[in-house]
Amino acid sequence: MEEALLRVEELTKYFPVKRGFLGEIAHVHAVDGVSLHVTKGETLAVVGESGSGKTTLGLMVLRLVKPTSGKIYFNGTETAGMSERHFKKLRRRMGIVFQDPSASLNPRMTIKQTLTRPLVLHGIKNESEIDTRITDILEKVGLGKEHSDRYPHEISGGQQQRVAAARAIILNPELVILDEPTSSLDVSVQAQILNLLFRLQSEFNLTYLLISHDIVMVRHVSDRIAVMYLGKVVEVADTDELFSNTVHPYTAALLSAVPIPRPKSEGAKRVIVGGEPPSPINPPKGCRFHPRCTYAVEKCRIEEPRLSLMGNGHLAACHRAEEIDVSSYAKELWRIIEEKGSHESRRELIERAEGKV
Amino acid sequence: MATPILSVEGLRTYFYLSGGVVKAVDGVSFTVNEDEVFCLVGETGCGKSVTSLSIMRLIDHPGIIEEGRVLYKGKDLLKLPESEMRKIRGREIAMVFQNPMRSLNPVFTIGDQIAEAPMTHFDVPSRDAWKTAIEFIAKVKMPDPEVRAKSYPHVLSGGMRQRSMIAMMISCEPSLLIADEPTTAVDVTIQAQLMDLLLEIKKRRKMSMMLITHNFGLVAETGDRAAVMYCGKVVEIGSVADIFREPLHPYTQGLMNCLPIGTQRKKELEVIPGTLASPVNPPEGCRFAPRCGFAMGECKLHEPPLTAGGKDRFVACHLYRS
Amino acid sequence: MLALKSFKETLLRLLQHRTSFAGLLIVLTIVVLAIGASVIAPRGYAETDPVNRLLPPSGQYFFGTDVLGRDLFSRIVYGARIALWVGLLVTFIEALMGVTLGIAAGYYSGIVDKAISAVTDMVWAFPPVVLALGVVTVIGPGLTQVVVAIAATSWPAFTRICRAKVQSLVNREFVLAARAIGETDSSIMARYLLPNLMPSILVVSTLVLPSAILYTTALSFLGFGAQPPTPDWGAILADGAAQLRIAPWIATFPGVFIVITALGFNLLGDGLRDILDPKLRI
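Chains as they are written, first to last, in my numbering: chain A, 1 to 357; chain B, 1001 to 1322; chain C, 2001 to 2282.
What the hints contain is simulated information worked out from the structure, not anything from laboratory work. Backbone N, C-alpha and C fix where the C-beta goes; we use that ideal spot for every residue, glycine too. Any given hint could be a false lead.
[Unchecked claim] Not the full set, but computed from the structure, chain B residues with beta-carbon under 7 angstroms of chain A:
#1 E1043
#2 G1217
#3 L1218
#4 I1261
[To be verified] To spell it out: a stretch of chain A is covered by chain C in this simulated footprint if at least three of its residues, at any positions, have a beta carbon under 8 angstroms from a beta carbon of chain C; those stretches are:
#5 103 to 117
#6 253 to 263
All chains, full assembly: derive it from the sequences and hints.
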C-alpha cells in the first residue's frame, strides 16, 4: 500500500444558520462524513457542483475552515485536533491556488511583497536570499523580474494565476490544493496554466488535490476522481475506470451534462437529470440523490447507501449498483474524448503556407 | 436553401474612453438563418457581447455604433427610430443575459415581470396577461406555476431565475432569441436542463437562436453554424461540424488544440503563443499575425478580408486567398 | 474590483469634476491661510487697540475691528489655523479609535462584534454636541478639552464603514490565502485589510472633518471651547452675537468662513467618494 500523503476520515462540516423568527439554529450539511486519501505524487480530483461540499473539503484540509468532526492525517500526523501553533509549522508543506486570480492576490501588495510574506513567515528573513528565491520562482512560473514591482491589477489574469501558483510553491510544499484553478480563465490561457501545473508537479514532486466541476479538464489532468453530491462522496475511481465503468447514477448524469467540444454524436443516450439540487440544510432522507434519480426504489428513500468496493479500487455508494447499468453514455463519451482531433486541416494549412512561401 | 433572418454587415462599434478608442467591434459581418442555432464564439475581449448589444441597439455612451447595417427581416435596425426599435426589442428579438439576478427586477414578482411584455406590446389586459404569465412559467418547466408567479426573484435559485428570464423573453413569441452566456452562472446539470429547454422552445416555435459563448462544448452540442471572433473581427464562419472537424483559420485551430480533449492524458497541451492584442492599439494588418505560426509578410501589412473558403465557409486569412 | 487609483489620477479626476474642483480650491485656500497666517495677517490676533474699536471693514482693516479694537481679518486668518488644526486632530483621533474598533468588529464577529456594535450604536445615537457638552462639563472648558469631547462622540462613522468593508473582504480569497500561508490575525488586519480600507477612510475623513470643525466652533460659541484671546471662529462668532446690531461684520465673517470651510470639505469629500468608492454612503 503506497504512502498516503493526505487522508481524511469521516470529515464533517456543519455551518450553523439562523432560521425563522425565533432564531432556531439549523445547519447546512456542507460536508458529511467524507473519507478519502491522496497518495504521494498523484493528482486526485474532487468533482461536483455547487453545494457538493468540495470546496469546503479543500478548505478544511488547509485549516481555513474548522471541521465539525472527523480526522485529517497529513503524512501520518493527525491535524484536525492540532493547535494552531503546531499547525503553522505544517503550513509550509501545503499550498493552495484559488479560482479567481484577481481576488486571490492582495490588491495593495506588489508581486514581490506577496511572495515575500510566506518566506518571512517561515523563517527566511535574509534579504538577498529572499530576492534570489523570488526571482527563481518567478522564472519557474514563466514570469520575469520586471513583474516583481507590479500590482495585481497591472498584469493579466493568466499572469495573476502564475503568481498565485508561485506563492503556493515558493516554500517547496508537498501538497497543493487547486480550487478550480482554470475556471475563470479563457481557453487559451487555461491551456498555458495547465501546462505550468504539469511542469511544476514533475519538477517539485508535488501531490495535487484538484477541486473542479470541469470534467473535461479533470480527465486530462487527474489520476483518480472522487465525485461528491450534497456533502457526500458518491463514487471514487481511477480516471479511465470512472469513465468506462460508471456506477453511480449521479456520476452518469454529471458526465452526461458536460458539453463536449465535439460535434454532436448519435447513439449515446444522454441522462438529463431533472429537478434542482435540494437544500443542504435539510438533505433528503436515505440516499441524498433519490429525489432526482430515475432508478430510485423504496430502499433508496429510507436507507443511506455506504461506499462499497466495486473492484479495482472503484468505490460507489448506491444500493442498486449491481442491478443497473448507467455506464453506456460515459463509455461513449470516453471514446469520443479519446479520439484524436482531426489533423487534416493542420496539414493543409502547412501545405498552403509552404506553397505561398 | 436557408433563409436569413438577421444579417450583420460591416458592423463597427467603438468605445471612446479616456485611455483611447477601444475598437470593440471592427468590421463584423455574418448571417443568422431562420430556424437555426447560430453561435458567436470567442475569448474575452473579442467583441462578441458588444456585437449582440449593438444588434439590439443597447449601446450607450461612451460607445457608439459607428458603421454598418443590421438587417432584420429586410429592415436595417441601425436606421430605425428608437420608438420603432422598442417595438422590436422583446417582441421580435429577445435577449437573455448571463446573470439573471441583474436582469430581474427585485421588487416585482416573476409573474408581473413576465406579464409586462404582452401588456406592453400587445395591449393585453392585466388579468389575461397574468394567466399568460402562468402558462409560460409552466412552459419553462417550473413546478407549481401559480405559486411561482407570485414569487420574488431573490427566493429562487439560479436555474429558476434563468428560466424566469427565458419565460419573460419568449412570452411575446420572438422570432430571434439572443442568449449571451446564458448558462455560465449555473451548475453543469442545470446548464444541461436549460440548454435542453431552449432547444425545445426553439423547435416548437420555429425560433432562431443566436448563442454567444466561450464554451466550445456548448457550441458543439447545440450550434448549427458558428462564427469565431478574435479581437473585434470575425475570423471564420461555417457549420459547427465543419469548424470542429476542419478548422481553417490558424486561430481556430489553435483554440481547438488548446482543448484538453483528444489529447494524451497528463501531457502538455499545445498553446497559442503570445497574448491578446490591445484593443486600443491593434497591430497593423492581420490582428492574429503576431501569434500566428504561419504568418507571412503580407499578414503584417494588410488585413485579410473574409473570403469564401469552401461551401458555406468563410475565413479571413491570407493563406486561403488565391 | 478594488482598482488602485494613483495620486495623480485621483487629482486629475478631481479637477475635472466641477463641484470637487470648487471644494479643492476652497480647501487649498483655507490651508494656505492657515499655514501662512503669520505672513498673511497684517497684525497679531491679540493686539488690542481700543481707540479703533468697532470699525467697519475698510482698506486698513479688511474685515473691520471688534469691541477690543482687534483686527478681525488677522483673527480670522489665525482662526483658520485653529479650525484646521482642531479638525485634523479630532479626525485623526476618531479615525484611530473608529478604524481599530471597526476592523476588529468586522474580523472577529461573534461576541466581539456584538459588543463593539452595541457601543457604536449607542454613541452614534447621541447628538454629538449634546454628548460633548456632557463631557466638557465634567472635564472643564478649553480647546484641548473640546477636542477630546468631540473626538469621543463621532468615531462611529469610521467604525461602521470599516466594519462593513472588512466583512465584505474577510472571506475574499486573498484573505484566505493569507491565512493559508500562516499570517496571524493582527498581521492580516494590518497588512491585508487596512490598506484596502484606505480609500474609504480617506473619504470618511474628508466628510468628518468639517463636522468636527462645526462642532468645535459650536462649543466655542457656547463658551466651552477656546478661551479668550484664542481666535477660534466660534468664539469670534460669540463676540459678534453680542454686537450684532452695532457691528454686524464681527459675526458675519466668522460665520461665512465656517460655512464655506465646511462646504469646501464636503464637496471635496463627495468628489473623492465618487472617484474612490462610489458605493460609500454614510
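Each hint tested on the structure:
1. E1043: 4 angstroms, holds
2. G1217: At about 3 angstroms, which falls below the 7 angstroms cut-off, the nearest Cβ of chain A leaves the hint on G1217(B) intact, so it holds.
3. L1218: 5 angstroms, holds
4. I1261: 5 angstroms, holds
5. 103 to 117: holds (count 8)
6. 253 to 263: The restraint on the stretch 253 to 263 of chain A is violated, since only 0 of its residues have a Cβ under 8 angstroms from chain C and three are required.
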